[in-house]
Amino acid sequence: MSSITTRDAPPGFSASEYMTCLTGIVWREGLRFLHQRERFVSALVRPLVWLFIFAAGFRQVLGISIIPPYETYILYEVFIAPGLMAMIQLFNGMQSSLSMVYDREMGNMRTLLVSPLPRGFLLFCKLLAGTAVSLLQVYAFLLIAWFWDITPPPIGYLTVLPALILSGLMLGSLGMLISSGIKQLESFAGVMNFVIFPMFFASSALYPLWRVQEGSPYLYYVCQANPFTHAVELIRFALYGQINWISLAVVAGCTIVFMIGAIYAYDPSRGLARRGPAGGEG
Amino acid sequence: MSRMWRVGLLSGLALTAAPAHAFVAYVSNEKSNTVSVIDTESWTVTKTIKVGQRPRGIDFTRDGKFVMVAVGDDDTIQMIDAKTQAVVDSLPSGPDPELFAQDAAGKILYVANENDNTVTVIDLEKRARLGDIQVGVEPEGMTISPDGKILINTSETTNMAHFIDTHSRQIVANVLVDARPRFAEFKHDSSELWVSSEIGGTVSVIDPGKHEVIGKVNFEIPGLRKEAIQPVGIGMTKDDKTAFVALGPANRIAVVDVATRKVTKYLLVGQRVWHMAFTPDEKYLLTTNGVSNDVSVIDVAAQKVIKTIQVGELPWGITIAP
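The listed protein sequences derive, respectively, from chains U and Z. With the first sequence counted from 1, adding 16 to any position gets you the working numbering. With the second sequence counted from 1, adding 256 to any position gets you the working numbering.
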């Protein structure tokens with residue numbers, strides 16, 4: 017362990033060397049994703065169950081007033097589509113963090129971290145790889161949703177891409193930060209209960225915030241403080257060719273904070289990964 | 257040669273740069289006693305005109321100079337000058353006028369007086385009352401056949417469509433339809449008359465020659481109670497291929513294939529959608545949504561709701577400058 021931790025990246029790597037590293041990591045993540053067909057299917061089934069079943073049941077119950085970026089009345093399924101896109105990325109971010117715990121347990125992470133390139137860059141590549149995978153999932157979801165009459169303007173498919181990349185990076189780096197503190201795969205269930213569910217439900221993914229405010233002003237503040245809410249809103253506006261500046265600032269800020277946190281946490285000389293005897297790559 | 261080329265290019269540019277034609281829509285707001293004026297290019301309310309009590313039926317005169325609006329609680333029809341956008345005159349209707357129809361030449365106006373069981377005939381040029389025609393209880397829906405020979409009036413409580421000869425001003429036939437007929441609309445080729453029944457929840461298709469119901473349009477929206485589906489306003493495209501039916505508290509416009517009389521799509525609009533009007537180029541269809549106090553704009557070709565605009569309280573009728 018000490019052999020890899022003390023090895024700081026020597027200066028002077030060429031851009032092509034960085035690119036080799038980046039493509040290597042993204043490619044591996046892509047291959048892993050493609051080989052795990054169940055993962056792709058389950059990543060799609062989860063939001064589709066919400067869309068086909070949950071939204072169908074609620075479409076008449078929840079009357080929705082006109083809220084930006086929408087310009088007219090919309091059905092409930094149209095409202096929750098951006099929330100489900102963010103949900104895909106949330107699960108994907110957590111899943112890639114799960115795969116990091118797995119890699120650490122299996123010893124594969126050693127191969128990654130032994131690379132002489134800076135640790136921060138390696139983690140960033142891993143994040144980008146995870147985000148790229150989430151993009152595939154989100155666009156597959158959008159394709160199916162199109163047949164379900166969720167038809168944002170054509171330009172929206174393009175303008176939503178930067179928003180998806182940013183929110184993917186934020187949720188990925190959050191997952192990475194969390195994974196640094198998890199020692200065993202079994203602990204991942206806790207992540208579900210303590211991170212994914214609260215983040216998802218206390219957000220604007222399923223209901224507009226004015227509705228939440230009517231029900232409970234406190235919950236409204238919780239939702240407002242939840243970075244996931246801003247990821248959802250950033251995606252929602254971008255899907256209709258608009259920018260929600262507050263959400264953009266929050267998501268960008270959180271991405272930077274989580275990423276720095278993750279890089280710090282994965283530096284075994286300082287970070288959380290060092291804690292306890294079971295720390296490190298197992 | 258090069259000059260010609262340049263002229264050609266310039267005129268081409270001028271053609272492409274020509275702005276889309278903007279129209280002006282007038283919406284009667286039943287509760288706020290106003291008429292909202294909407295510009296169809298910016299999709300904003302450009303003016304709110306104070307009118308009499310309870311404005312409902314609204315239509316342009318054929319020359320496009322005036323907007324006539326039936327102000328039921330003032331027992332008259334007011335005329336708004338389209339240029340100055342101010343009320344300038346009124347027409348002598350019976351008590352509680354609701355909807356009206358004018359002949360093709362724009363000379364004669366027929367007004368349904370809801371509380372009087374009569375249809376008033378008005379000379380539009382002289383702005384004088386010519387007489388009354390006795391019809392069923394609570395007359396409402398009014399339309400004239402494209403050839404101008406037959407006036408249709410529907411009576412809400414009698415549940416009938418009355419066929420009135422415009423020449424003799426006599427009822428020549430009565431056709432029983434489903435409960436509470438609200439609105440009547442002819443196909444442009446005169447082959448069919450469509451009558452919406454608010455409580456019956458259907459649109460009856462009537463053969464105007466035989467005076468009998470030859471078919472019905474039924475509506476079904478998954479998850480909605482049958483009682484919530486209350487057809488009112490009807491709009492038919494000029495090619496008679498597609499009809500749009502406002503479904504009241506179902507908050508939806510049904511898109512109906514006229515040939516098969518089947519609903520092909522439901523479009524979500526505001527609450528309690530009542531009446532509608534096409535822009536003259538038939539690019540857009542505007543609907544009045546009474547409870548949510550707004551007007552929804554439908555892209556006719558795409559069959560999609562693209563925008564909803566806030567107007568006054570309880571928007572009821574709508575007309576667009578020819």
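Treat the hints as calculated values from the structure; they're not laboratory data. Ideal placement from N, C-alpha and C gives every residue a C-beta, glycine not left out. Hints are supplied without guarantee of correctness; some may be wrong.
These stretches of chain Z come out as covered by chain U in the derived footprint (C-beta under 8 angstroms, 3 or more residues) [what the hints assert, rightly or not]:
#	region
1	416-422
2	512-526
Now the in silico label distances, taken between C-beta atoms and shown as ranges [what the hints assert, rightly or not]:
#	chain 1	residue 1	chain 2	residue 2	range
3	U	Ile82	Z	Val344	32 to 40 angstroms
4	U	Ile82	Z	Lys443	31 to 39 angstroms
5	Z	Asp555	U	Glu121	50 to 58 angstroms
6	U	Arg53	Z	Lys482	39 to 47 angstroms
Hint by hint, here is what the structure shows:
no., hint, result
1, 416-422, "violated (count 0)"
2, 512-526, "holds (count 3)"
3, U:Ile82 to Z:Val344: 32 to 40 angstroms, "35 angstroms, holds"
4, U:Ile82 to Z:Lys443: 31 to 39 angstroms, "34 angstroms, holds"
5, Z:Asp555 to U:Glu121: 50 to 58 angstroms, "56 angstroms, holds"
6, U:Arg53 to Z:Lys482: 39 to 47 angstroms, "45 angstroms, holds"
Checked against the numbered hints above, the structure breaks only hint 1 and satisfies the rest.
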